[in-house]
Amino acid sequence: MRLFEWMALGSIVGSAVALTPEQLITAPRRSEAIPNPSGEVALFSTSQYSFESHKTSSWWSLLDLESGKITQLTNDSNVSELIWLGSTDSGLLYINGTNADIPGGAEVWVSDTSDFVHSAYKAASLPAPLSGLKTAITKSGDINFLVYGESYGNGTAYNEELAATPLSSARIYDSIYTRHWDTWLTTRFNAVFSGSLRKKRAGQGATSRYTCNGSLKNLVAAVKNLESPSPPFGDASDYDISPNGKLVAFKSKAPELPRANNTASYIYLVPHDGSKKPVAINGPDSPGTPEDIKGDSSSPVFSPDGRRIAYLQMKDVAYESDRRTLYVYTIDSKETIPSLAKDWDRSPSAVKWSADGKHLFANTEDHARTRLFLLPANAGDDFTPKNFTNGGSVSAYYNLPNGEVLVSGTAIWTSWTVYTTKPGKGLTKILFSANAVDPGLKGLSPADVDEFHYKGNWTDIQSWLIYPPGFDKSKKYPLLFYIHGGPQGAWGDSWSSRWNYKAFADQGYVVVAPNPTGSTGFGDKLTDMITNNWGSYPYDDLVKCWEYVRDNFDFIDTDHGVAAGASYGGFMINWIQGNPLGREFKALVSHDGTFVADAKISTEELWFIEHDFNGTFWANRDNYRRWDPSSPEHILQFDTPQLIIHSSKDYRLPVSEGLALFNVLQERGVPSRLLNFPDENHWVLNKENSLVWHQQVLGWLNKYSGIDAPGTVSLNDTTIPVVDYDP
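Numbering (mature numbering (1 follows the signal peptide of the UniProt record, and there is no 0)) for the sequence shown: -18 to -1, 1 to 709.
Since the hints were made in silico from the structure, they are not lab data.
This list has only true hints and no planted wrong ones.
Here are the computed distance ranges between Cβ atoms for each label pair:
| no. | residue 1 | residue 2 | range |
| --- | --- | --- | --- |
| 1 | Lys437 | Gly68 | 52 to 60 Å |
| 2 | His435 | Pro692 | 29 to 37 Å |
| 3 | Ser96 | Arg170 | 38 to 46 Å |
Here the structure is a predicted model, which is why all the values come from computation and not from measurement.
Don't be surprised by glycine CBs; every beta carbon is placed ideally from N, CA and C.
All chains, full assembly: derive it from the sequences and hints.
Written as structure tokens, this is what we have:
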């Protein structure tokens, strides 16, 4: 039985309640479930936004892994992180996001599940808003810990509240990579800091307490140009501490290469006490570095015995979507680091050791799901790992003492699910599914989702179908055509708080979400074939998908269909606007999509465009212009009403791209609207902004598709005034 079928047994099926934008945004958002050492309970956090108070509340809870019962541990919003304390089943270590003595700082506290409030005491004062707590118990019983945060060039932790305000706002650069994602680069950098908590022996009848021993040590600053975690998305998964607390492994981009042109990064090893400089275990001059493996490294994790480090690495030095291969490094080894399952045509995103150190778990995109796979720690090149989860997408996973794995995940129909699974056996128990608990999600179930395959330009293509509430195959529903970003990306069986399939479908559409050429999780060839082919194979696959839908699904009304996409999907919407497929839709929505081919040189990630267009902007200009939505022959075909969304802090795809497209559409007399968020980046994250985003996107699509029913969103729903200077 497939996983989603098992989950359906615990879900609520048959309700016709629609998922509204407000319900989507205010639905509880839960973290991964972290089990205690005995595997009896698991910790997790929850946050929830209110449109009444315009605030987010948060709390921590315990999930009983036998009964599934949830009990609240604390609703103190200052508890920003919470982990289990060593091998104890009730001891806790947490970061308090405030500091009583240092403005802008944080604190480390110790507590116990038996009485969280009254057992808590402060063990350390942190000089800055540090996070990402990881620990190891030393032989003496002390706690060695790691945290990360921004660092000044001299290695001290950066605290914004205590920083002096410069007299000038000028920025001066002598090299490229001046800004990234949504931030202008400064002389500050991310760093991993180490510290120790010593167990202070108490007198007779008193309880021993941990206290901080000395100041924090910056483990990254000793080597120029190292930085960890890697911005903008790096976190505690970029570093690890050995089980005995003596060594630290961390990821950093290659310090000797220009960051704008390369994705190369290495795994560094350094003593926890910072007594030696970090040394790359897989750098170009490292003993044992595999030949010709020069790309991005990630997910370093020590084996249970502390003698080996598993990590992932790409081969290509300038390709962010290259396949990741699993490597195992034996500490102090001078032999070539062996790769595992080298011929496996999948790209793991995370890796963990089994409790006995004989196997590794890999979290991997696979056929539009994110599944767990198991492989031996000495797997040969031709070994093919087997998945032991199926439907949905695995977000996090932990070993349990009984040999099972505790999984936190999502699916198209649920924002959070927790279950146990076992290699060779599969699903063993469902502990929680949000759609069975959260009021706003109770209309959702696996019955809302289907999939199909069709003949694409050169291979079979997978696509999702997501149905509206009360779906009836004897009726007709307008098509909503979803185009994913990346371009190396995929529509997966997962939950999203931004491009949520169900929130769109529940306006009254059947959502079709294909995974055309360029999609990940279906093998290297499908992913890599989009290189220098942005407007050919993927466009052809989308045309064939639209034709397949038109000819095979009587319940889908393609005559009143609409289409939307973001990032590369935004580019593709702009490309479709100037090509025949654009005339098949009543309206289009493009979010942060490129428009003018030559403007791609304004991005900060030059490695991306130089890879995807096979060369530099000056030597290979024709490649950039092959797929130019702004070329005259395409602009002359513009005719479909289009909403353009572009935010001002998107530095990968600058806002000028959206402004240029809006100018052209307006001058061509095509009905169009521009939505801009000055404080958002490539994504719209602020909850109030997200509501306006949904109102505008859904309102625009509904207006032109003809959907007008109770509960549907209108362009007039927003309180934001529309600026129009037309006479």
